[in-house]
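If you want the building blocks of each chain, they are given just below.
2 protein chains.
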Amino acid sequence: MLRVEREKKLIYDPYQRRGQAGVGSDRAMLSRTLLWLLSPSSPTATVSHKPTDSPAAWKDALSSTTGVPASFELIKTLVYKPKTAKTATPIPVVVITRDSANANSNVIGKRLNLKELRMASEDLLTEFFALDKDSLSPLALNEKTFPKVTTVVDASIASSDVFAVHALSSDSTVFLSGSDIIKYLKSLETEEVKVNEMDFAAQEPAAAPSKAQKEKEDAKIDGAVQIAIGVKKEVDFPTWYTNVLIKADMLDYYSVSGCYILKPWSYSIWEEIQKWFDAEIKELGVQNSYFPMFVSAKVLEREKDHIEGFSAEVAWVTRAGKSELEEHIAIRPTSETVMYPYYAKWIKSHRDLPLKLNQWNSVVRWEFKNPQPFLRTREFLWQEGHTAHLTKPEAEIEVRQILDLYRRVYEELLAVPVVPGIKSEKEKFAGGLYTTTVEGFIPTTGRGIQAGTSHCLGQNFSRPEMFDITVEDPNDPTGQGKIHAWQNSWGLSTRTIGVMVMVHGDNQGLVLPPRVASIQVVIVPCGITVKTTDEQRAEINQACDDLAKSFKKAGIRAKADLRDGYTPGYKFNDWEQKGVPLRLEIGPNDLAKKQTLSVRRDTGAKNPIPLEGLEQAVSTLLQTIQNDMFKRAQDAYYSRLKQVTKWEDLVPTLDAKSLRSSLGVRLRLVKMISRRGVLKRYAEEQADERAPSAGAKSLCIPFDQSMWTPIEPGKTKCPACGKDAKRWTMFGRSY
Amino acid sequence: MLRVEREKKLIYDPYQRRGQAGVGSDRAMLSRTLLWLLSPSSPTATVSHKPTDSPAAWKDALSSTTGVPASFELIKTLVYKPKTAKTATPIPVVVITRDSANANSNVIGKRLNLKELRMASEDLLTEFFALDKDSLSPLALNEKTFPKVTTVVDASIASSDVFAVHALSSDSTVFLSGSDIIKYLKSLETEEVKVNEMDFAAQEPAAAPSKAQKEKEDAKIDGAVQIAIGVKKEVDFPTWYTNVLIKADMLDYYSVSGCYILKPWSYSIWEEIQKWFDAEIKELGVQNSYFPMFVSAKVLEREKDHIEGFSAEVAWVTRAGKSELEEHIAIRPTSETVMYPYYAKWIKSHRDLPLKLNQWNSVVRWEFKNPQPFLRTREFLWQEGHTAHLTKPEAEIEVRQILDLYRRVYEELLAVPVVPGIKSEKEKFAGGLYTTTVEGFIPTTGRGIQAGTSHCLGQNFSRPEMFDITVEDPNDPTGQGKIHAWQNSWGLSTRTIGVMVMVHGDNQGLVLPPRVASIQVVIVPCGITVKTTDEQRAEINQACDDLAKSFKKAGIRAKADLRDGYTPGYKFNDWEQKGVPLRLEIGPNDLAKKQTLSVRRDTGAKNPIPLEGLEQAVSTLLQTIQNDMFKRAQDAYYSRLKQVTKWEDLVPTLDAKSLRSSLGVRLRLVKMISRRGVLKRYAEEQADERAPSAGAKSLCIPFDQSMWTPIEPGKTKCPACGKDAKRWTMFGRSY
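From first to last, the protein sequence lines are chains V and B. Count along the first sequence from 1, then add 103; that gives the number in this note's numbering. Count along the second sequence from 1, then add 103; that gives the number in this note's numbering.
Just so you know, the hints here were simulated from the structure itself, not pulled from any lab data. Honestly, I wouldn't trust all of these hints.
No copy labels: a pair is met if it fits in one copy or bridges any two.
To be verified - Result set (DSS-like, lysine-lysine): computed pairs, CA atoms no more than 27 Å apart in a straight line:
#, residue 1, residue 2
1, LYS749, LYS286
2, LYS662, LYS378
3, LYS459, LYS656
4, LYS336, LYS734
5, LYS656, LYS531
6, LYS425, LYS401
7, LYS378, LYS459
8, LYS529, LYS425
9, LYS652, LYS385
10, LYS179, LYS472
11, LYS826, LYS401
12, LYS378, LYS656
13, LYS674, LYS451
14, LYS655, LYS378
15, LYS634, LYS674
16, LYS829, LYS286
17, LYS451, LYS662
18, LYS350, LYS459
19, LYS472, LYS531
Just chain V, same shape as in the assembly:
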């Protein structure tokens, strides 16, 4: 049923709605396409969504649409017009490739022996395909259009799974396998006109001209100040985010999808978090250890409730060298089932409690949703703490101690405000008793984000039918009493870094809070002209270098950028992109005046500072920057928290003051009076009705209820069920 309806849309929608009678509207031809689509090897689903005008918007639209495959890539269809004599009819070149591929038009032109491929105009698209650029796809090629163009297809798509292809409209998408796309195109071949298959992946090394290109780019930037990131944060947030990460040298994409390379510029932030948090938990008596990354199927599946939450995402090792393994072995998605059989073995007496272990490791969750650097990756770094206690109060104290450390990582190190609270029953950790959380907020998208969780597992894992972590009750006079250990687990991941980038970054790039910046201060020699003597130049460089050294001694992480052959403008831009909190400029005039010009990354504010007592002044300034960054982010967060007491206000408030953008509707966090769970379910139903936009959900019940209008017992009512309200709950759309 569903399938038929979907295909109907494909037949009627795009053409009827547009009411065009172009080439593509030929029914016979379209049904041929559809006939092929209905063949056994063919697509999974066709879905409707908002019209989209960019790959990012398309991706975003699909991410909030139901019925979309778990994993897919976008197909990019580019049309070029080669240079021809004015009188000749140009033959357009249609290039079909994966969105992420770098289709080099020079290389393609060379291979086709065509000169100067230029992006085709919208007019040409309409003329040939009766489609705009946002609706274009391989399906625009049919028996009529194919012979009139030169078709180039990226051969590498054959090896991949599922691609999103515009179903002749920017608001309709069909999912096809790469091999089916190629098969379809080949079915259009005639004696004269063939498909040109090229391997774009293989071309990339040949993209060594990029070396020369880079030199050119460098030159172009010389001395200029420009918007570094290419797109604006407010306009195309997903593209802005990945651009910042790449340009700030935080991260690189990796050949295994969903995995990323953490470069030193981001890894050093993780090291700062590790250093601080590790020292804090050691003060609490936690010890580090290392458990294997592998877990056998039998053990993994022991805790059904718990593992149900992960099983779809577990990566399995089935082969070693050329040998099939007798028992398949999972890579840990988290280590409860890895560790607790041994807790049961080690904890024999109440004297063995508490047991508090932590590990810094990586875990693997093979998610099929769109990956996003730091926020959702198939392998990620984290720490996972696992502790066992004799009593519930002892366990509960620790849950909150750890949560507070997580809050401090965000607020004190990353200058990112979070709201600590408790998760609803439905949102808690599978298999645990309850989950506490620190909830962050990304103002640009209006989405909440779960930033770190500390779980009280209760006795759910220690019961005899589970892992049986049991000791004699030391307070039972009969000596017969047994106690199942009270357990906690808690984890904080490199997601921290993604949240920090999203909250603080701007259109010049990354903005780093001083506490976690591996370079807090960069010193750039300035004012060197053609007239500057070698001696003067050496003197300035020396002054910069001396400053860096004296900062280092004072415990300030500083670097003098003495690179030859780069202008100050280039260097300013470079370090701004990378988010260094403070820049000091030193030129001949500064030296004469015994001062330096300081430029704050977060505000751009410029101020001269005397060289005398500079370390102290800079130290204070860095602290100010840290505090200001936090304060600004906190104000942004709080200004978006709205108190809602009437049910009918919920959705309007979520949508209020929303700005249309390629990101779609901006979202707001909402606090609602709630009896735990009730409102939430209602909100989800509401949201479902409004699909495809992502529904709001309860984010947490904040521990601090004092910032809201006090609930009057017996008077303040839950707007959903009308019963007495007990607490404020934070709702919102979320990552």
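Place chain B on chain V using the hints.
What follows is chain B alone, placed relative to chain V:
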């Protein structure tokens, strides 16, 4: 051919040699066994080896025998005699299980409804099977013997691969699958007598009596001083080693074979190594980063020479959740192929050099050889540094700087002497230019051990046909010249910890060098008797606690062991097993005299120290312990280095003063004058002739040649080829 010969041995050897005419010598019966052994489902190989008198010796003998399967477990055959009336003929119980299984005779007795199973005497074995205990195996059961005994088999062996089974002699082993062993036993069943299958693995949780047992053990140790490790280091080294690791709480076995749990007591040593080494490499400009643990098949196989060294050991992820992956993905065995495609991308100009990255991670090498904790494990922790340089001299300087840091980790932190040198061509890292190494030595086994390697990869990975890490030559005036980067890679793993344990441990357990001990000083309250008042007791405890605090302030890692309910004797033993370098005892008399009794773990030396100025005295004493431990280990190493100049002395020197023991022949390191490679090959041939004992090989050409008789150019000859000798090379048997 081979098979026939081998089976001949099975027919004739054990019986003829022993010349016995017992039950087992019935030819018809034996050939029935062999017939079965020759059936299609049957064994891989039968091998001869030294006679063995323990599981450890057996394992050791097999490890140095050729023709042994890559992976197997030992079969344990136990014979029990149940308690019966004196006049009744006892029916022995034969229990067949894997060597690692914990066959609880109480549980077995209960299941069989038999009383008090006692280990059978040798006489009974001879009477029933005409075999001694070391030759006993499931093959001792045949149509004559089976009906006379009760046979119990561990059902869990059915699920496992290959087992070593004594071929009716302690010097002959046949390899059978678990299911074939059970099949064979079942073939012996009669109407009256059946095989009893029990699941011993399932019994283990039922081994919860261990809780009560532990209490008993605790009691037993109370106040007593005894040999803690159960077996002596000199007598059964492999068992001693694993016992030390378990009893010192360093490690636990894990349910996935070849993987181990690093408990805090060992992990903290790794943290000390990390902290020190990480700071040192950062001084050299190395930055930390994190690359994914996954690598696609295509990328992994790009460097054929290099990957050939690893391919047999690569673990493959083929499935995620329920989905088969289109392309199988390897878990990194090392990260050259993971990282270098990105080095090629990032290094565009000579200004991007040097690039120096390091990561602290785990790698997976699915070895099928017998695993050994820390020394050979399927997953292990390490750091891997990967650097790229513009010039060869720059790369070579770093190779040696890193090697020297490795030397210092061993010598300064772990008090383990090593010999730095260069590996022979044959022993170098696959795909590299040359390998430098620090070579350790385990005196008890006389084996060398590769302790850390720093490779100069040359331009082998940067060449265009490999990863093409190329920049323009900044010194080429034409601007056309290209330089392929000079690369290094270097790694140090948790093997460090295993070497440290093997070198320093003694029959009381672990001995930790102070520099890496997470507790350097333990303070134990003593002299508390029934007459001690609560006040006195509190005073002593307080004094211990105060001391620990003042140590902590002075930067000494100290712990006051104030556990209630444990005697000082128990505590002494506990901390000795765990290797704490220094114990301080404090009792009423000590307090009165304002002193404490210090006891060194390494020497057992006891000395009173005044409380006045204790921190300084202890600090000095810890340094002395550290130095003494290193000096002793170095003397042991050097005393076993023998200079050999005549070829005929080589093997005798290797074997000289060898002690017979369960470990087999003790080995010695030998230094030989060598033209690189020549002697080595010869030594290997020699060793091959002497199989099955492990052959000697060249360990390294030491950088420091000054400790040996100077080579007189043109006069000192290579004893193997007679040509001019160039340098001394260290040979030995090795891990």
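Evaluated hints:
1. LYS749 - LYS286: Classified as neither; 56 Å inside a copy, 73 Å across copies.
2. LYS662 - LYS378: both (22 Å within a copy, 23 Å between copies)
3. LYS459 - LYS656: between (37 Å within a copy, 24 Å between copies)
4. LYS336 - LYS734: Answer is within; shortest intra-copy Cα gap is 20 Å, inter-copy 63 Å.
5. LYS656 - LYS531: neither (47 Å within a copy, 42 Å between copies)
6. LYS425 - LYS401: Both: 23 Å inside a copy, 16 Å across copies.
7. LYS378 - LYS459: Classified as both: same-chain Cα gap 18 Å, cross-chain 22 Å, threshold 27 Å.
8. LYS529 - LYS425: Only across copies: LYS529 and LYS425 sit 25 Å apart there, 44 Å inside one copy, limit 27 Å.
9. LYS652 - LYS385: between (32 Å within a copy, 16 Å between copies)
10. LYS179 - LYS472: within (20 Å within a copy, 50 Å between copies)
11. LYS826 - LYS401: neither (46 Å within a copy, 62 Å between copies)
12. LYS378 - LYS656: For LYS378 and LYS656, the Cα distance is within 27 Å both inside one copy (20 Å) and across copies (20 Å).
13. LYS674 - LYS451: between (61 Å within a copy, 18 Å between copies)
14. LYS655 - LYS378: Cα proximity of LYS655 and LYS378: in one copy and across copies (19 Å, 20 Å).
15. LYS634 - LYS674: Result: close within a single copy only, 21 Å intra versus 78 Å inter.
16. LYS829 - LYS286: neither (61 Å within a copy, 66 Å between copies)
17. LYS451 - LYS662: Close across copies (23 Å), not inside one copy (54 Å); limit 27 Å.
18. LYS350 - LYS459: between (40 Å within a copy, 20 Å between copies)
19. LYS472 - LYS531: within (20 Å within a copy, 44 Å between copies)
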